[in-house]
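Heads up: the sequence lines are chains A and B, in that order. Numbering follows UniProt numbering, in which position 29 of the first sequence is assigned residue number 29; successive positions increment by one, without gaps. Numbering follows UniProt numbering, in which position 131 of the second sequence is assigned residue number 131; successive positions increment by one, without gaps.
Fair warning: there could be bad hints in the mix.
[What the hints assert, rightly or not] EDC-like mimics (lysine to aspartate or glutamate), calculated; alpha carbons at most 20 Å apart, straight line:
no.: 1; chain 1: B; residue 1: Lys-75; chain 2: B; residue 2: Glu-431
no.: 2; chain 1: B; residue 1: Lys-321; chain 2: B; residue 2: Glu-349
no.: 3; chain 1: B; residue 1: Lys-926; chain 2: B; residue 2: Asp-152
no.: 4; chain 1: A; residue 1: Lys-40; chain 2: B; residue 2: Glu-431
no.: 5; chain 1: A; residue 1: Lys-153; chain 2: A; residue 2: Glu-129
no.: 6; chain 1: B; residue 1: Lys-100; chain 2: B; residue 2: Glu-160
no.: 7; chain 1: B; residue 1: Lys-208; chain 2: B; residue 2: Asp-330
no.: 8; chain 1: A; residue 1: Lys-40; chain 2: B; residue 2: Asp-995
no.: 9; chain 1: B; residue 1: Lys-675; chain 2: B; residue 2: Asp-968
no.: 10; chain 1: A; residue 1: Lys-40; chain 2: B; residue 2: Glu-993
no.: 11; chain 1: A; residue 1: Lys-40; chain 2: B; residue 2: Glu-981
no.: 12; chain 1: B; residue 1: Lys-110; chain 2: B; residue 2: Asp-175
no.: 13; chain 1: B; residue 1: Lys-478; chain 2: B; residue 2: Glu-507
no.: 14; chain 1: B; residue 1: Lys-75; chain 2: B; residue 2: Asp-7
no.: 15; chain 1: B; residue 1: Lys-242; chain 2: B; residue 2: Asp-174
no.: 16; chain 1: A; residue 1: Lys-40; chain 2: B; residue 2: Asp-778
no.: 17; chain 1: B; residue 1: Lys-736; chain 2: B; residue 2: Asp-778
no.: 18; chain 1: A; residue 1: Lys-55; chain 2: B; residue 2: Glu-1006
no.: 19; chain 1: A; residue 1: Lys-153; chain 2: A; residue 2: Asp-173
no.: 20; chain 1: A; residue 1: Lys-55; chain 2: B; residue 2: Glu-962
no.: 21; chain 1: B; residue 1: Lys-242; chain 2: B; residue 2: Asp-175
no.: 22; chain 1: B; residue 1: Lys-120; chain 2: B; residue 2: Glu-78
no.: 23; chain 1: B; residue 1: Lys-155; chain 2: B; residue 2: Asp-174
no.: 24; chain 1: A; residue 1: Lys-40; chain 2: B; residue 2: Glu-966
[As the list claims (entries may be wrong)] Computed far set for chain B versus chain A, every beta-carbon distance over 10 Å:
no.: 25; residue: Phe-209
no.: 26; residue: Asp-330
no.: 27; residue: Glu-341
no.: 28; residue: Pro-451
no.: 29; residue: Pro-673
no.: 30; residue: Ile-841
no.: 31; residue: Ala-943
no.: 32; residue: Cys-945
no.: 33; residue: Ala-984
Calculated directly from the structure, the hints in this document are not laboratory data. Don't be surprised by glycine CBs; every beta carbon is placed ideally from N, CA and C.
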Amino acid sequence: MITAEQKPLQEILGYIAPYEKILVVGCNECVTVCAAGGRKEVGLLSSAIRLNSAKAGKKIEVLEHTLERQCDPEYVDQLAELAGQVDAVVSLACGCGIQTVASQYPIPVFPGVNTKFMGASESQGIWAERCMGCGDCMLGITGGICPIARCSKSIMNGPCGGSVNGKCEISPDVDCAWQLIWDRLVELGLQDRYEELVAAKDWRPAGGGGPRKIIREDLASSKIITEDNA
Amino acid sequence: MQKIKQDEKRVLVIGGGVGGIKAALDLSESRKKVLLIDSDYAIGGLMTQLDRTFPTNNCDLCTVSPHLSAASREKFLEVSTMTELTSLSGEAGNFTATLKTAPRFIDIDKCTACGECLKKFPEAVRFNPGLDPRAPTCMRYPQATPYAYSIDMEKVDDVEALKAVCKAGAIIPDDTEQETQINVASVVLSVGAEMFDPSVLDNYGGGKFDNVLPGLEYERIMSASGPFQGNLVRKSDQQRPKKVAWIQCVGSRGINVDDVPYCSSVCCMYALKEAIVTKERFGDDIETTIFYMDMRTSGKDYEQYFNRAKEDFGIRLIRCKPHTVIELPDKSLEITYAREELSAMEKEEFDMVVLSTGFRPSQKTIDLAGAIGIDLNEHNFAKSGTIDPVTTSKDGVYVCGVFESPKDIPETMVQASAAASLAGMTLDSEEWVNEPVSLYPPQRDVDGEAPKIGFFVVDCDGEIDQALDIDKILENAKTNPDVAVAEAFKLSCSFEAMEKIEGLIKEHNLNRVVIGSGSPRIQESMFQDMLRRAGLNPYLLELVNLRDQNAWVHNDAPAKSLEKAFRLVQMGISGVRKAKPLTENMLPTSQNALVVGGGVTGMTSALELADQGTLTYLVEKAPVLGGQALNLSQTIEGDDVAAFVKGLVDKVSAHENIKVFTDAVVAEHTGVPGKFTTGIKTGADSACEQIDHGVTILATGAKPNRPAVYGLGELDNVMTQLDLDAVLENDESKIKAMEQVVMIQCAGSREADNPNCSRICCQAAVKNALRLLEVNPDIEVFVLYRDMRTYGFWEDYYKTARDKGVKFIRFDLEHRPVVREEAGKTIVRAHDFILGQDIEIEADCVALSTGFVADADTNNELCSLFHLPKTEDGFFLEDHVKLKPVDMALHGFFLAGTAHSPKVIRESITQAHAVAGRARTMLANKEITLGAAYATVDPVMCAVCLICVRACPYDVPFINNERHSEIDPAKCRGCGICAAECPAKAIQLRAWEDDQIIAKIDGLFERYN
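Work out the full structure, taking the sequences as your base and the hints as a guide.
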C-alpha cells in the first residue's frame, strides 16, 4: 500500500489563498486505509479551511468529494461537473492520484498530503516501509526481508559495521535489516543462503533508467498504445 | 379508600424506606408479586430527608431501579401506605397476614396534590418533620409517593366546605379503617429505626438551644425542599454561620443512662459529608470542625472521602468527645473539650452545633417483632443469623437494613436485595407474555410529519431551580422553531411530572420531546419509557443535562450558566429534529449463570441460583473450592468457619444444577448481556469449554495482604492475624506460653501506597485478643491502633476486650510503632499520647492486622476480558456506589464478596444472596432488548481498511465475503468508536448519526433572539 500523511494546514492554506471556491477530493483506496485522505479527512480538512477563512474574514466555498480511486482516469472523469464549478482542487490522494486529476482538468490541483512510501501496517496507526520498488525482487534469497527497503544503506551482502546489538546505527529504533535476515535464515535453517554473494545490483529497473512504465500488450488496447507511442 | 388486592399469594415487604423499596422493586423485577406497606402516608423513609448522599453528594432515589419500566412495576408491585401488619399466622410459604389500613380521607387515584385543601384547611394537615415553617403540607417531601395528601379528619369542622374545595372530588369524609387478610409466601422486614432524640441529654443542649440540632435536621436545612429552601442559616437569627461544629457519637457508644453501647455506623460519614457540602455549597470560609472519638470510615473508598475532607476541604478534626455545650447571649454556642496533648479543658465558640445522632429501634418495631414472633437482640434490633444476616429467628421472615443492625444506604441496599432474593424463593415468577409489546400502546407513525417539539424541565429536587432561572430557560426555548410546548415541573421527578408530560404529548400531538433534567445515565430509560406510554418511539427524545452540566458546576457564574443552559437546550431541540424512530431487536436470553470464584461468596450465590432451577457454572482458579475462608477458623460471633465451608462445598459438589470447574480460568468471552458465551480453560488443557449464560457473577475475592512492614517476613515473632488464627486453632500450648502479645492495626492499609481501610482488621484484632485471653487468661494483649472501627454491634466486643484488660494504644502516621529484635527478644516501641512519651513493650508475638488487597492479576485479566471497570486500588467497580452496590456498569454483571471490597464473611454472604437475586431479576426476562443504537456499515463506502476491526473493543466488526465490514447488531454495544474512527465515513451509529450531531452543533451557535 502507498502511505501518505496530511500536509501541514498552513501549507495547504497558502496554496489556496487566491481562490474563492475550491474542491477537496479524497481517494477511497490507500490514503483512506492509512487515514490520510479518505472521506473523513476530506471532511476534516474542508472544515478546517472553512473555519480558518471565517476567522480571517475571508470568503471561501469548499466542495467535498471522494473518488473510489484517483489514479484511474475513469474515476477521475466523475469529477467533471464539480471541477467545472471551482477555481482550484486540493487532492488528498497520493502523488499518482494528484497527477491524474491535474492531467484531466485545466485548473490548479494542489497536493493535500505528502506521499511517503510503500509500506505495511504493523498495527493500528503504525505503517512501516517495506518495499522501494527496485524492479528486481530479491526477497527470495533474503528470507523474505528486503535489504533494499529496510537497510539504511540498501547493501546487499551482510551488515555494515554500524550494526550493533541488532540495531542500525542511524537510530536505536531501527532494526538492522541484515540482523533480521540472518535471524530469519537461521529460523528457516537456510544459513547457507547467506554465503551466496549477490553481484552488484542493476539499478535500471529501480528507476535508474528513467521513468518506468509497464505495458501489458495482452491487456492494453491498441488505441492507448498508439497514443502513447505518438 | 384504599383496597388491597387479596386474590393472590405475594411477598409482603414491610417498611417503605429505601431498603423496602429496593426489596419490592427487586421482587417485581423478578416478576414476583409483592405488596409494600408503610405505616406513614408516603413511602421513602429516612433517605428522602437527607439533603445529598455521599460520595457523589446528590439525590437520586430514581437510580434504584432504572431498568424496571413503570408498566411492569404496576403489574407486580402494589403499594399501600398508612397500613400496618397486626398479626401473622401460618408458616413459611403460606402465611396469613392481617393488615390494618388507617383512613386517609382522600382518594389517592383522584387527588392531584394541587394543595387547595391545604391552603383552606391548614389546621387539618400535618407538618414536615423537623423544622419546616413553610406553608403547611403533609407531603413529607416534594416527590412523595403516592403523590397525594392526607387529612386529619378530627381537625376538620366543616366537611362540606372541605369537599367543595377539592376540584378533583377526592375527599372521602366517611373513609374508615380497613382490615385486610392476605396470603403471604414470605415477609421482608425493612422497618428501620428512629433517629435518637438528643433532647434527653442534659449536656449538649439538643432541643433546648436554637442553634444546636441533630444531623438529620441539618440535612433538612441544607435541602432545597427544607425549611429555608436550601439556604444554610441559623435558626435563631437566619444568618449564615461562620463556624459549625459536629459532635460525634451523641447517644451512641456510651455508658450513660440515655446512651446505647453500640456504634450507629453511619454518623462519621454523614458528618464528613455535611461538613464537605457546607464548604462546597455555602462557602469555603465557613469553618467546619468535627469532634470525634474514632473516625469510622471503613466502607468502600470511604477512607479516601475522609482524606479529601481533611486535605482538600480543610475540615478540622479534633479527637475528643466534648463535655458540654452552653448557649451564649447571642445564641452562639460554647463547647468545652479536652485534647490528648493538652492537660486542660479548652473552650471554643461556634455559631452552630450539629449533634451526630444515631439509630434507636422504635417501640413500634419492637411491637411488630412481637406480632410477627421474631426474636430481638439485646439492643432490640432483629436477632439475625450470625452467618446469614438477613434471616431471622422465624422461617420465611427476612430482615434488611437498619432493623437488622445500624448501617448505611449501600449496605441496606445489599441486604434488601439479599432479603428479597431469599423471600422470593418460595414464590414462582409470573409467566412472560410477549413483553414489552403487550405493555405499551402501538407507536404512532411520525414519518413525514413536521417536527412538533415539546420541551420540559424536570427538576428533581430543586437543584436546577436553585442555580438557574427556569422561566427564562422556557422563554428562550419557546423562541426556537418547532417548539409547541415548553413547561417546567419543579421539585418533581416522579410519576406526576411524567404523567403530565404524557398528557401534553397526546394533547398537542407532539412528535419530538426534549427534557432538561439530570444525568441521562439514570433518567434516559425512565423518559424513554414515558414516550412509549405516550405512543411515541422512545428514540424521538433528547436529554439536556441542566443539572450536572450547569447547576452543579457553575455556582460562581449564574449569568454565564444561564446563557450556557440556553445553548444546551437549543442543542437538544436542534438535535431532536433529526431524531429518527428506531426499532429495538429482541433476543431470547440464556437462562444459565456463570459464577467466577468458588469461595464462600461464589458458592452461596451458585447454590441459591441452582436451587431455583438455574444451571450454574462455577469456576474456581484453585484446585479446591473454599477460597480464603479455608484460612480462617472462626468468626467473631464464634461460628465454626471450617465446618461451614465444608457444608457449602459438599452441597455445591452434589448439586445437579451446578457444574464446578476447579483449577480453571475464564479464557474467552463474547456476547451481550442476557446472552454471553464464555470459554473456560481447565488445568494445562489448551482447549476451552464453551458455555452460554445470561448473567455473570464475579466473586473472585481478594488477597490477604503481606506487606513488608514492622518486620513481617524478617522477624520470627512477627506474623499476621491469619497466622495467629492458625496458631490459636492448632497450637494452644504456644499461646499458653505467651506473656505479652502486641497487635498493630492498619499494617499496610490507610497508607500512601494503599490508602483504603481494610475494614475487617479491627474486629479481627478484637476477636483474636478475646480468643487469646480465653486460652490464656494471664496474657497481656496490647492493640496499637489508629481508629478502632468496630462498627455496629462489634462495639460490644471492643468494650468486652477493654473490660477484660486488653490495652488499646493509639498511634498516628507521625508516630508509627517500631518493631525490633534485641538479644533474642522482640520489642515494640510505641508512642503513648496520654503519657506524651515513647514506651517499649516486649512481645512474644506481634500480630499485624494486614487486611486484604485486590488480587491485581486476576482482576486485571477479568476486567480486560469482560470489559469491566476497576477502582483505583484494583477492586471491581460497581455501577452506583450507593444505590446499585452489587450491579456492575455493564448490564448482566454482578459483583459480590471481597472482590467488591474487603469485608467479613457474613457481609460477603449477604452480597452473595443479593447478586443471586439481582441475577434472577435479569433471568426473569426471557428476552432481552438490544439497544437500537448500534453501528451500521455502508458497504459502498467501505474501504475495507480494517480500522473498525482493530478499533472495536468488543471484536465485533469483521470483513465479510462481500468484501466490506459487517457489524452484528446483536453484538454491537453502541460505543461509537468505529463510527468515529472510520476513515471512509462508512459507519454510522444509529441514534448518534452525523446529521444529528451536526444539527446539535448548529443549534449551539444559532441565535434566535
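Against the structure, the hints come out as follows:
1. B:Lys-75 with B:Glu-431: holds, 12 Å
2. B:Lys-321 with B:Glu-349: Satisfied, since the Cα-Cα distance of roughly 16 Å is no more than 20 Å.
3. B:Lys-926 with B:Asp-152: violated, 47 Å
4. A:Lys-40 with B:Glu-431: Given pair Lys-40 of chain A, Glu-431 of chain B is violated - Cα atoms ~50 Å apart, limit 20 Å.
5. A:Lys-153 with A:Glu-129: Cα-Cα ~14 Å, so holds.
6. B:Lys-100 with B:Glu-160: violated, 27 Å
7. B:Lys-208 with B:Asp-330: It holds: about 15 Å lies between the C-alpha atoms, which stays within 20 Å.
8. A:Lys-40 with B:Asp-995: holds, 14 Å
9. B:Lys-675 with B:Asp-968: Satisfied, since the Cα-Cα distance of roughly 14 Å is no more than 20 Å.
10. A:Lys-40 with B:Glu-993: Given that 20 Å is the threshold and the Cα spacing comes to 14 Å, the pair holds.
11. A:Lys-40 with B:Glu-981: OK: Lys-40 of chain A and Glu-981 of chain B at ~9 Å, within 20 Å.
12. B:Lys-110 with B:Asp-175: Answer holds: Lys-110 of chain B to Asp-175 of chain B is near 14 Å, not above 20 Å.
13. B:Lys-478 with B:Glu-507: holds, 18 Å
14. B:Lys-75 with B:Asp-7: holds, 14 Å
15. B:Lys-242 with B:Asp-174: violated, 53 Å
16. A:Lys-40 with B:Asp-778: violated, 80 Å
17. B:Lys-736 with B:Asp-778: The given pair, whose Cα atoms are some 9 Å apart, holds under the 20 Å limit.
18. A:Lys-55 with B:Glu-1006: holds, 17 Å
19. A:Lys-153 with A:Asp-173: holds, 16 Å
20. A:Lys-55 with B:Glu-962: violated, 45 Å
21. B:Lys-242 with B:Asp-175: violated, 51 Å
22. B:Lys-120 with B:Glu-78: Given pair Lys-120 of chain B, Glu-78 of chain B is violated - Cα atoms ~32 Å apart, limit 20 Å.
23. B:Lys-155 with B:Asp-174: Holds, at about 14 Å.
24. A:Lys-40 with B:Glu-966: holds, 19 Å
25. Phe-209: The assertion about Phe-209 of chain B holds, with a minimum of 63 Å to chain A.
26. Asp-330: holds, 60 Å
27. Glu-341: At roughly 58 Å from the nearest Cβ of chain A, Glu-341 of chain B sits farther out than 10 Å, so the non-interface label holds.
28. Pro-451: Its Cβ never comes within 10 Å of chain A, the nearest being 26 Å, so this holds.
29. Pro-673: Per Cβ check, Pro-673 of chain B is outside 10 Å of chain A; nearest 27 Å; holds.
30. Ile-841: holds, 57 Å
31. Ala-943: violated, 4 Å
32. Cys-945: violated, 4 Å
33. Ala-984: About 5 Å separates Ala-984 of chain B from the closest Cβ of chain A, which leaves it inside 10 Å; violated.
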